[in-house]
Each structure stands twice: as structure tokens, then as C-alpha cells.
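**Q** Protein chains in written order, with the UniProt record's numbering: chain A, 1 to 990; chain B, 1 to 198.
Hint data in this document are derived by calculation from the structure and do not stem from the laboratory. The reader is advised that the hints may include incorrect statements.
Claimed, not checked - Partner residues aside, some chain A positions facing chain B, computed with beta carbon under 7 Å:
(1) ARG398
(2) SER399
(3) THR579
(4) LEU583
(5) GLY587
(6) HIS589
(7) LYS593
(8) PHE595
(9) ASP661
(10) GLN663
(11) ASP741
(12) ALA745
(13) GLU749
(14) ARG816
To be verified - Coverage of chain B stretches by chain A, computed from C-beta distances (three or more under 8 Å per stretch; other residues unrestricted):
(15) 60–70
(16) 160–171
(17) 184–191
To be verified - Pairs of lysine to aspartate or glutamate, EDC-like flavour, derived with a Cα cap of 20 Å:
(18) A:LYS795 with B:ASP135
(19) A:LYS274 with B:GLU91
(20) A:LYS875 with A:GLU532
(21) A:LYS23 with A:ASP90
(22) A:LYS518 with A:ASP633
(23) A:LYS795 with B:GLU91
(24) A:LYS950 with A:GLU986
(25) A:LYS274 with B:ASP6
(26) A:LYS901 with A:ASP964
(27) A:LYS274 with B:ASP93
(28) A:LYS950 with A:GLU972
(29) A:LYS628 with A:GLU830
(30) A:LYS593 with A:GLU631
(31) A:LYS593 with B:ASP126
(32) A:LYS504 with A:GLU532
(33) A:LYS426 with A:ASP247
(34) A:LYS950 with A:GLU893
(35) A:LYS876 with A:ASP633
(36) A:LYS643 with A:ASP666
(37) A:LYS795 with B:ASP93
(38) A:LYS504 with A:GLU695
Quick reminder that beta carbons are idealized off the backbone N, C-alpha and C, glycines included.
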Amino acid sequence: MSRLPSSGLVDRSRRLNFRFDGKSYHGFSGDTLASALLANQVRLVGRSFKYHRPRGILSAGPEEPNALVELRSGSRREPNTRATVAELYDGLDAASQNRWPSLALDALSLNGLVAPFLGAGFYYKTFMWPATFWESVYEPAIRRAAGLGRAATSADPDHYEKAFAFCDVLVIGAGPAGLMAALAAGRAGARVILADEDFLAGGRLNSEAVTVGGEPGHVFAAQAMAELASLPNVRIMTRTTVFGVYDDEYGAVERVSDHLPTPAPFQPRQRLWKIAARRAILCAGATERPIVFGGNDRPGVMLAGSSRSYANRYGVATGKSVACFTNNDSAWSSAFEMKAAGVNVTTLIDIRREVAPALAARAKALGIAVLTDTQVTGTSGQPIGGALTGLSLRTGGRSDRLAADTLAMSGGWSPSLHLTCHHGGKPVWNEGLAAFVPGRTPPGLSVAGAARGTYGLGDILAEGARQGTDAASALGFAAALPDLPATEDTPAGIAAFWHVQGSKGPAFVDQQNDVTAKDLGIAYKEGFRAVELMKRYTTLGMATDQGRTSNVNGLAIMAELTGASIMETGTTIFRPPYTPVSLGVLGGHHRAKDFRPTRLTPTHQWAASLGAVFVETGPWLRAQYFPKAGETDWLTTVNREVKAVRASVGLIDVSTFGKIDLQGPDVGAFLDRVYINTFSTLAVGKARYGVMLREDGLVMDDGTTARLAPEHYVMTTTTANAAKVFQHLEFCLQVLWPELDVTLASVSEQWAQIAIAGPRSRDVLARVVDAGVDVSNEGLPFMGAIERTVMGGVKARLFRLSFSGELGYEIAVPARQGEALARALMAAGEEFGITPYGIEALGVMRIEKGHVSGNELSGQTSAGDLGFGKMASTKKDYIGRVMAARPGIADPERLSFVGFKPVDPGQRLRAGAHFLTIGAPADMAHDQGYMTSVAHSPHLGHWIGLGLLKNGPARIGERVRAYDPVRGGDFEVEVCAPAFIDPNGERLRG
Amino acid sequence: MTAALDILPVTQMPADGPYGPAGTHGVTARLFDPPALATLAARRGGGIALAAAARVELGLDLADAPRLSRADGLSAIGTAPGRWLLLAGTEGDLAARLAPLAPHAAITEQTDAYVGVEIDGPHARDLLAKGVSLDLDPAAFPPGAAATTNVAHVNVSFWREPGEDRFVFLVARSYRVAFARFLVASGAEYGLELVHRG
């Protein structure tokens with residue numbers, strides 16, 4: 001164990017057991033997996049992505065590139081979890097990834113031996129030829145070798161959800177700046193959300209031995225949090241990462257249960273928040289940069305500020321013998337605090353010739369050796385696992401060696417300004433800070449503290465307080481600047497330094513993607529010098545850590561190579577998400593059957609009670625067919641249903657059609673403009689079939705519209721286009737013809753509608769209507785539409801319409817009466833053997849009758865193509881009229897609607913088969929059209945089809961080849977009129 | 001959805017009862033059939049006359065805004081410019097009751113088109129935050145405020161009743177199970193009591 005005498009902020013009374021790579025360890029409440037592993041002296045935690053190099057823990061936060069583990073097991077297995085942010089829980093089970101057979105002995109680390117061949121641009125250069133080798137050989141091999149852990153192979157048993165939140169001021173980050181900002185805005189009465197990704201608010205106050213307002217930093221943070229929690233207008237969201245800035249809202253993930261073995265009952269695993277904030281203050285702090293030198297990726301080489309976190313916050317010594325390597329003052333503070341906490345810090349190595357005398361004096365007092373003007377040029381390590389054992393140093397021209405098991409390095413700090421880039425703002429280089437600071441920020445977002453490049457603690461507190469006050473004031477709250485707690489100032493001197501020239505061994509810039517300084521040299525030599533090209537060519541910064549610890553070093557090295565300044569070299573910008581976001585949380589509840597809502601018809605439960613098989617048609621579940629006992633395949637059932645309808649009577653729920661109520665004196669004129677045919681002349685009590693075009697002249701939808709009263713019409717649309725047609729009509733009324741006095745209302749949900757069809761349908765109808773309602777051929781003629789009552793006083797609309805080609809009616813009743821109507825019709829039709837049928841039988845009958853449906857209303861067909869040319873009025877204007885007359889649309893050679901029957905009646909037709917002239921080659925140049933709908937006609941005893949054929953109507957009687965390479969069909973069919981039964985419609989009118 | 005939903009069929013209304021950890025009761029959702037409903041749409045240029053007729057004939061202040069107006073057992077909420085949903089507290093021929101408005105508006109019977117869901121309880125707003133993308137803080141959405149929006153891909157109209165965090169939703173009937181699933185999935189965490197009110 002390498003726990004220090006002082007506890008840090010972990011609770012040593014709460015011991016937590018965990019496993020890593022099958023071995024048992026224990027840590028304490030308040031540990032991360034990383035701190036617990038370090039406390040157990042586990043230094044090797046993973047293998048690198050490309051070269052399988054042994055890697056340890058670099059950081060103590062979300063920037064971690066190396067310590068990626070598989071957390072949990074089975075269906076909850078979660079690859080690429082950063083051990084540095086994984087909160088330890090009792091029973092945690094983690095495994096290293098990307099190693100085989102074991103972490104210490106990894107066979108694929110041989111990749112490292114061929115590293116010279118795996119450098120920048122390797123894939124582009126090597127795998128260009130032959131192309132087929134990429135998919136069959138190279139890619140599988142690379143995927144096996146490279147890797148970032150294994151995803152779970154079974155469904156995630158946990159659930160995720162989404163939520164919305166609103167506030168005046170969103171404070172992102174609960175470090176010193178964020179706490180002051182939240183206090184200032186919260187005390188002023190503004191609605192504040194304070195979000196922090198850590199499980200313990202306080203940020204660096206928990207990691208640095210500072211005094212704020214006379215208290216240790218972490219105590220100050222806890223007190224501030226307690227006050228904020230007491231304010232009813234402040235909402236605290238810990239374990240919540242604000243990952244993106246969008247238009248008028250922020251995206252955040254709350255890790256509700258990630259710190260638990262399994263979520264508590266009814267709790268989600270994670271919750272996605274969309275936060276609408278009038279103002280936001282980014283207080284995300286800063287990320288420390290490594291220094292690029294040979295062997296800088298060894299387990300034991302880590303960031304100095306992180307090493308300090310492990311000592312102060314977690315009470316863990318990162319090693320028995322710690323050296324520091326830096327170009328700036330913060331690492332000196334790290335060294336001093338670690339030493340004070342009981343860590344054996346032996347040496348401070350600084351590239352600078354001189355440091356502040358106070359720092360040198362303090363080092364001397366603490367007994368830490370100081371080597372100025374010195375660089376680390378290489379590292380040595382253990383033969384197995386590679387953990388650090390020593391350093392090669394260079395002071396001026398002199399080389400030296402130093403034993404150390406931990407090197408705490410710091411190349412300076414980069415403000416965590418990621419969110420400021422999400423609206424396209426580019427960071428700006430600040431020479432004095434040797435860091436990029438925020439440029440243009442998204443509207444309403446300001447930046448305070450280290451995220452803005454403000455590094456002195458007193459300044460950070462003041463800046464947070466000021467911005468919190470300003471944000472609240474700007475929104476009209478009477479905000480007063482809070483009293484600033486006294487604190488000491490932290491030294492922050494820095495001399496820009498990136499890369500140890502002439503060091504030994506690969507010097508890693510991006511440790512997660514295994515990009516070295518040499519790779520940047522290759523990119524430079526090959527001309528990929530612009531930052532965006534360099535990034536893509538080398539993959540620098542493209543891993544899951546988005547180059548948090550590598551981007552600036554990479555740019556700086558390229559700048560050195562090109563001789564340009566860093567500002568001239570520029571930077572890539574950050575896009576959302578700030579840290580990886582699971583797909584599960586983006587889906588929320590909407591997965592599997594809840595992917596979208598299911599709509600149920602008014603007769604659903606009735607159909608279910610009859611054993612109906614349902615099918616999804618858009619959001620609807622509709623009865624597809626009603627199998628009877630002994631019927632083993634759907635075709636048998638559908639044939640029975642069709643025969644029953646044509647022989648006697650059947651019923652089907654057609655409530656899913658769109659139904660639109662139109663009222664007003666101008667409805668007739670309006671309908672004349674939206675349909676190709678005329679409706680203003682329609683008599684009250686009658687319905688008419690209409691076709692509607694889009695502006696481009698192609699068919700949008702079809703359906704019947706009835707006139708119930710002089711100024712009252714009701715339109716039906718297809719199920720699929722119900723919403724689209726309503727929207728179209730609204731557009732026409734609101735935008736095109738606002739002068740028309742017409743009002744619309746959707747009545748799709750108000751009315752249940754059941755169709756009955758077949759020669760006995762009138763007999764059935766007569767038994768459900770109330771006394772005195774005349775449904776005879778005279779009382780309700782073909783295309784009649786009347787409002788009466790049924791089933792003893794239930795309001796009903798009776799339409800004499802037919803989709804099946806048989807005598808038929810549609811009966812509409814208020815939706816809650818739909819099921820009762822179905823039962824009443826079943827009872828009324830019992831003596832005729834009334835048969836409920838589903839949409840399969842409906843489809844068969846409409847194909848037999850030659851009616852078009854969704855397959856033909858494909859958005860590519862004109863009225864002329866579908867045989868409606870004669871319906872189009874020439875006496876009026878209507879939407880689509882002009883464009884339908886375009887030569888291309890009016891071309892007789894266009895694909896047009898006809899019927900097909902197989903020459904050999906035994907052949908099964910397939911929708912999707914393409915038509916070819918007999919003897920013509922089967923290629924697209926000779927394509928003559930395609931089959932849109934097919935059905936087995938029980939009436940004819942063979943398969944029939946509808947389709948679109950070049951110049952179709954002129955070719956009736958001709959034979960063409962129906963070619964279906966997908967399913968192997970290739971035979972001749974005869975072109976015929978698209979009406980296989982009752983072509984003259986005698987059954988409809990009787 | 002939640003473990004609670006995994007065992008609920010998507011084709012049936014969840015049964016009455018508590019959903020969530022034993023002993024918790026944070027939200028109540030009461031499903032009911034509205035006694036009578038109609039949509040009202042002002043005729044072209046008829047808005048002012050309609051408002052006057054509503055005031056004179058029904059004593060109803062028909063605000064052309066997403067707000068609830070209520071008089072004599074009749075509630076109206078604005079759903080779009082010049083459009084309202086009218087809800088009567090008792091069954092009966094709402095269209096006949098609205099007849100004095102007919103010269104100025106199209107009246108469409110909708111009693112069967114919607115189911116009502118009344119949601120209240122200390123966690124009502126927490127539940128709704130998981131589906132309603134509007135700020136329901138009393139300062140932003142006070143009693144009488146109404147909205148026509150989309151919750152978990154289901155179109156809804158709703159308003160806030162006077163009193164503590166009570167909201168009434170009107171949900172298209174074919175979506176009622178889907179909406180109930182949203183309620184169970186989102187409310188079980190707080191203890192949801194689902195009740196079908198007769």
C-alpha cells in the first residue's frame with residue numbers, strides 16, 4: 001500500500017473491495033479506480049492503442065489518455081472507461097484492455113518493434129492496393145491488433161432518460177471560480193444550475209493545499225456547497241458533465257448510477273439534460289500538459305498536478321521516489337505539497353536556468369534537490385511491465401542518471417476552453433501564459449478562472465464572483481459582489497517548452513493514439529503542415545480524449561518545424577461532446593418498442609381478442625390478418641378472408657385514414673384548387689374520389705371527400721400521408737390563399753371508421769342503423785355520404801365507398817364506440833358468415849380491383865402515370881397543374897400504371913421485379929419499369945401484379961420479362977388492364 | 001424503458017396502481033375521458049366577433065393565446081392563433097351549447113378524440129421535465145398557462161390548473177398507451193400512482 005498518513009478526502013472508515021484483472025484489492029470511499037490502483041501500487045493498467053506499449057496512469061481527471069479500462073462485466077461491460085474518473089464502489093470489477101494474453105506479457109507489443117513502419121500515414125500508404133485486400137485482410141487484422149476495449153455483446157439491461165432544465169445562470173464547473181459565480185448569482189435570487197463532472201465539488205480546491213478564507217480549500221468548497229444547497233433557487237448537479245453548447249441550450253449528462261454496481265430500482269443509469277440557460281459561466285479549469293521526451297509514456301511518468309491530487313485528495317503517494325520535471329512554477333508547488341504530505345520527492349528538474357528565489361529556498365528547506373537548466377532525455381524501466389526505474393538527464397552538455405519510480409511532469413496548463421469553440425469560436429494564443437485562451441464565445445457564455453487563463457487563486461475567486469454578479473445583474477437581479485475570501489497567491493511563472501530535442505526512444509505527443517514527435521516530423525516532411533491536415537494525417541488528437549494532453553504540444557512542435565509562431569500555426573477547434581457520451585443516453589426511453597409511440601386503432605382490443613396478427617404501418621398497429629385454428633400460413637388465411645368478402649361480407653377497421661373536417665363558404669373553391677378534379681359541384685350527401693398533386697406536378701395523395709352540408713366537407717387521406725396532407729392544406733390556407741374562408745380541423749382521432757364490403761354488406765348495415773334510416777340503393781346510392789345514427793342513437797356517418805371492388809360501406813362513429821360497432825356488425829352479419837379481415841386481404845382486393853396505393857403513390861408518379869389523366873379538370877387551376885404539363889412528366893414513354901399476370905400461372909410474381917423487353921439484355925439501359933404490388937388472387941387462382949411500365953397502357957396484351965435478380969425470378973408476364981375483377985364496376989352500384 | 005415498462009405490453013393501458021419503489025408516492029396521474037370536447041376555429045376575419053360572442057353568450061373570455069379561460073364549467077385553451085380546444089365539465093351536446101358562436105367559428109366535435117390526464121404531486125414537475133421541453137416553473141408557466149407541444153413524440157395540449165403543480169393534459173386517443181408508458185417510465189422513480197378516473 002502507498003497510502004500516506006493523512007487521509008486526504010477519502011473515508012478510511014469505509015473500505016471498498018474491488019477487482020482489477022481478476023485480482024482483489026481494496027480502496028476507500030472517495031477513491032477513483034485510478035487512485036485505488038495507485039494506492040495498491042498497480043502501475044501498469046493498459047496497453048496502448050497501436051504499439052501495445054505498457055501504459056500507466058497519466059492524470060487524475062477526464063483528460064486521461066492511457067488508463068482506459070473495461071468496467072463491469074457481461075451485458076454491463078463498458079470499454080474505454082477512464083480509471084481516473086471512475087468512482088470506486090464496493091464490488092467494482094475492471095479489466096485492462098487491449099492486451100493478450102496478459103497485461104504484463106502482451107504478444108502484440110511486437111507491434112512496437114515494427115513501429116518504424118506503423119508511423120504517420122502508414123495506413124494510407126500501405127493499404128492502397130489491392131482494394132479488396134482492405135476489407136478482407138488488412139482491416140480485420142488491424143482491428144484485432146488495435147483496439148480500445150470490447151463492447152458488451154448483449155443488450156444493456158439499464159435504462160437511460162432525457163430531461164429538460166431551465167435556469168437564469170448555468171455555472172459549468174464547481175471549482176473556485178464556479179463556486180464564487182454560483183454564490184454570487186444564487187444569493188441574488190437568480191435560478192442557478194451548478195453542474196460539475198466530479199463526484200466531489202471543489203475542483204482544484206480538493207487537490208491543492210491552499211487556504212481560502214482561513215480554511216483549507218476543500219473545507220471552503222464544502223461550506224460554499226452547503227450554502228448553495230440551502231438556496232431554493234440553486235440546483236446542484238454533481239456527476240454531471242456539460243458536454244456541448246447548442247442553439248439556446250446546453251447538453252449535459254448526469255451519471256446517476258455510474259458509481260453504483262447497478263442502478264437502484266427505477267433509477268436510470270444516466271440522464272441526458274438539455275439545459276436552457278439565459279447566461280452561462282464556464283469555470284472548467286485547466287488541464288496540465290505533459291512534456292514530450294523519449295520514453296515519456298512509461299508507467300510512472302505522470303502529470304505533476306495529478307500526482308499532487310493523488311497525495312492531497314486521495315492520500316496516495318504515486319511512488320516511493322518521485323522526481324519532477326517542468327518548465328513552470330506550478331510543478332514546484334506540486335513537489336512541495338507532495339513532500340509536505342509525506343511523499344518522497346527527491347528532485348526538481350527544471351528546464352529554466354533560473355527560478356524564483358523563494359521557490360529555490362523552499363526546495364532547499366524541504367530537502368528537495370534542484371536541477372535547473374536540465375532536461376529529461378530518456379527513461380529506463382522494469383523488464384516486465386516497463387514501469388519507470390530511472391531517468392537520463394542532460395544539464396548543458398553533461399549527461400547524468402537519476403533513479404526514480406515516478407516522474408511528475410508539467411509543461412504548463414491549457415485552459416479547458418472546449419465549450420467556447422462549440423459555436424465556431426477559435427482559441428487565441430497567449431504568449432505570456434504559453435497557452436490558448438478562449439476566443440469568441442457562444443452567445444450568453446462567459447469564461448472565468450483557469451478556463452480563461454487566470455491562474456492565481458485570488459484572481460480566480462474574484463473573477464468567478466464578478467462574472468456571477470454580472471450575469472445576475474444583466475438579467476435584472478439585484479446582485480452584490482460577494483466578499484472575497486482571503487487566499488495566498490500561487491506562483492505561475494512559465495517558460496514555454498514543449499519537446500526535448502535529441503532524446504532517446506519514442507517521444508509521445510498523443511499517448512492515446514500513439515503519435516510521436518517523429519510522426520509530426522513525417523507529416524511536416526510530407527507537406528501535411530496545416531493543423532487540420534496534420535491532425536488527420538497523424539491522428540493526433542483524434543482519440544476519445546480529443547487530444548486534451550496532446551494538441552498544444554503537437555501544434556508547438558509543428559510550429560518549431562515550420563518556424564512559424566504558434567498563433568500563426570493555429571489550432572484545431574473542439575466540437576461537442578466535451579467527453580464521450582454514451583449512445584444509450586442519447587436514445588433515452590426511445591428504444592426497442594418505444595423507439596417511437598405505437599398508435600392503436602379503436603378496435604385493437606377487439607381484433608386482438610379474435611387472434612389477429614398485427615403489423616406496424618407507420619406508428620399504427622393494424623390487424624394484418626385473422627388466422628383461424630388450423631390455418632398454418634398467412635396466405636391460407638388471406639385467401640379465406642378475400643373469398644369471404646367477395647362471396648358474402650367482411651369488415652375491416654379503416655380508422656387510420658386521415659380525416660379532415662373542412663368548414664366555411666369557400667371549401668368548394670379551396671378543394672378545387674388542391675385536387676385535380678372538381679369538388680365545388682359535389683352534391684350534399686355525396687362523396688367523390690380525388691387526387692391531389694404536389695407543386696411539382698407529381699401525385700401527393702388520394703382519397704375521398706364527402707360533402708355533409710353546403711359549407712361542411714370531410715376529407716379522407718391515406719394513412720401514411722394524414723399529417724402531410726393536413727400540413728399541406730394549412731400551408732395553402734395560411735400562405736397561398738389567406739383570403740379563402742375555410743377552417744380545418746383534424747378529426748382522425750374523433751372517428752372510428754369501419755368498412756364493410758361484400759354482396760351482403762347492405763344487409764349487415766341495415767341491421768345496425770337505427771329505425772327509419774334508409775340504406776337502400778336509393779336511400780344511400782354509390783358514393784353517398786349521410787349523417788345518421790346507429791346502434792340506438794350513436795351519431796354516425798355512413799359512406800357508400802369501396803376499395804375492394806364489392807358493394808361496400810364505411811361507417812364512422814365516435815372513437816369510443818368503435819369497438820361496439822365492430823361487435824354490432826359481427827352480430828348483425830353472423831348469419832352471413834361475416835369475416836373480419838386485415839390489411840393483407842384489403843391489399844389483395846385492391847390489387848384485384850386495380851386501385852393504386854402507397855406503392856404506386858411513390859412521389860415519382862404523375863396523375864397521368866397512374867391513369868388519372870382524364871380526371872384532371874381542364875376548366876380550373878389547381879396545385880401542380882402547370883408542372884404536370886412539363887414535357888418530361890407528360891411524356892407517353894414514362895412508366896405508366898398497368899396490370900400483369902404470369903404467362904405460366906404457376907409463377908409467383910414479386911414486387912420489385914424489373915421489366916425488360918423479351919430478348920433484351922438485363923441491364924439498366926434496357927430497364928422498362930418495375931412491379932409495384934403483387935398478390936395471389938384467390939378469385940383468379942394465380943398471382944397478379946400491378947406495376948409501372950414504359951408506355952404501359954399501349955402495350956396491353958404484350959409479353960415482357962419480369963426480372964428479379966435479388967430473389968432469382970426471371971419469367972414472362974403479360975401486360976393487362978389494371979382491373980382483374982369487375983372492370984365495369986357493376987358490383988359497386990347494385 | 002424502465003424495468004417497470006419491460007413487462008408492460010405496448011398495446012394495453014398500464015393497470016391502475018403504484019409504480020415505483022414501495023412506499024414512495026411522488027406523482028399521481030389520473031386518466032379520464034373528458035365529458036365533452038370540441039375544437040373552435042375562428043372564421044376568416046371573425047376573431048373579434050367570436051371573442052365578443054363568447055363573452056356575451058357564454059361569459060367566456062376567449063384569450064387568443066396559449067392560456068386557459070374558464071366560465072360556467074366551460075374551459076377553453078388556445079392551441080393556435082384563432083383556435084381553441086373547448087372542454088365541458090359535464091356530458092351533453094357541447095356543439096349545441098356553442099351554437100351561438102357558430103356564425104363566427106367552425107365548431108368540430110372532438111369528445112372522443114382525446115383522453116385527459118391530470119398530473120399532480122410533489123414530483124409532478126420532475127416527471128414532466130422528462131418530456132415537456134417547456135419551463136414549468138410557476139414564474140414562467142403560471143396557473144392558467146397552456147401549451148400545445150410534443151411529449152415523448154406524442155402531441156399534447158395541456159395547461160396548469162390553479163393550485164400546487166397540477167397539470168391537465170389532453171392526449172390523442174390512439175396515443176394514450178404510449179403516453180401512459182411515458183408516465184410510468186418517467187414517474188416510477190418518484191413513485192407514480194396511476195388511476196383511471198371513472
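**Q** Taking the hints in turn, state whether each one holds.
**A** Verification of the supplied hints:
1. ARG398: violated, 65 Å
2. SER399: violated, 63 Å
3. THR579: violated, 23 Å
4. LEU583: violated, 16 Å
5. GLY587: For GLY587 (chain A), the interface hint is violated, since the closest Cβ of chain B sits about 11 Å away, which is over 7 Å.
6. HIS589: holds, 5 Å
7. LYS593: holds, 5 Å
8. PHE595: This hint is violated: PHE595 (chain A) lies away from chain B, its Cβ roughly 9 Å from the closest one there, beyond 7 Å.
9. ASP661: holds, 5 Å
10. GLN663: At 4 Å from the nearest chain B Cβ, GLN663 (chain A) passes the 7 Å test, so the hint holds.
11. ASP741: holds, 4 Å
12. ALA745: holds, 4 Å
13. GLU749: holds, 4 Å
14. ARG816: holds, 5 Å
15. 60–70: violated (count 0)
16. 160–171: Since 0 is below three, the answer is violated.
17. 184–191: holds (count 4)
18. A:LYS795 with B:ASP135: Violated. LYS795 (chain A) to ASP135 (chain B) sits at ~41 Å, over the 20 Å cutoff.
19. A:LYS274 with B:GLU91: violated, 41 Å
20. A:LYS875 with A:GLU532: Violated, at about 62 Å.
21. A:LYS23 with A:ASP90: holds, 14 Å
22. A:LYS518 with A:ASP633: Violated, because 67 Å separates the two Cα atoms, which is more than 20 Å.
23. A:LYS795 with B:GLU91: holds, 15 Å
24. A:LYS950 with A:GLU986: violated, 30 Å
25. A:LYS274 with B:ASP6: violated, 26 Å
26. A:LYS901 with A:ASP964: Answer holds: LYS901 (chain A) to ASP964 (chain A) is near 15 Å, not above 20 Å.
27. A:LYS274 with B:ASP93: violated, 43 Å
28. A:LYS950 with A:GLU972: The hint holds at about 16 Å.
29. A:LYS628 with A:GLU830: The given pair, whose Cα atoms are some 16 Å apart, holds under the 20 Å limit.
30. A:LYS593 with A:GLU631: Roughly 28 Å between the alpha carbons, so the hint for LYS593 (chain A) and GLU631 (chain A) is violated.
31. A:LYS593 with B:ASP126: At roughly 24 Å apart (the allowed maximum being 20 Å), ASP126 (chain B) and LYS593 (chain A) break the hint.
32. A:LYS504 with A:GLU532: Outside the cut-off at roughly 28 Å; violated.
33. A:LYS426 with A:ASP247: Holds. LYS426 (chain A) to ASP247 (chain A) sits at ~18 Å (cutoff 20 Å).
34. A:LYS950 with A:GLU893: holds, 5 Å
35. A:LYS876 with A:ASP633: Cα-Cα ~51 Å, so violated.
36. A:LYS643 with A:ASP666: violated, 44 Å
37. A:LYS795 with B:ASP93: It holds: about 12 Å lies between the C-alpha atoms, which stays within 20 Å.
38. A:LYS504 with A:GLU695: It is violated: about 71 Å lies between the C-alpha atoms, which goes past 20 Å.
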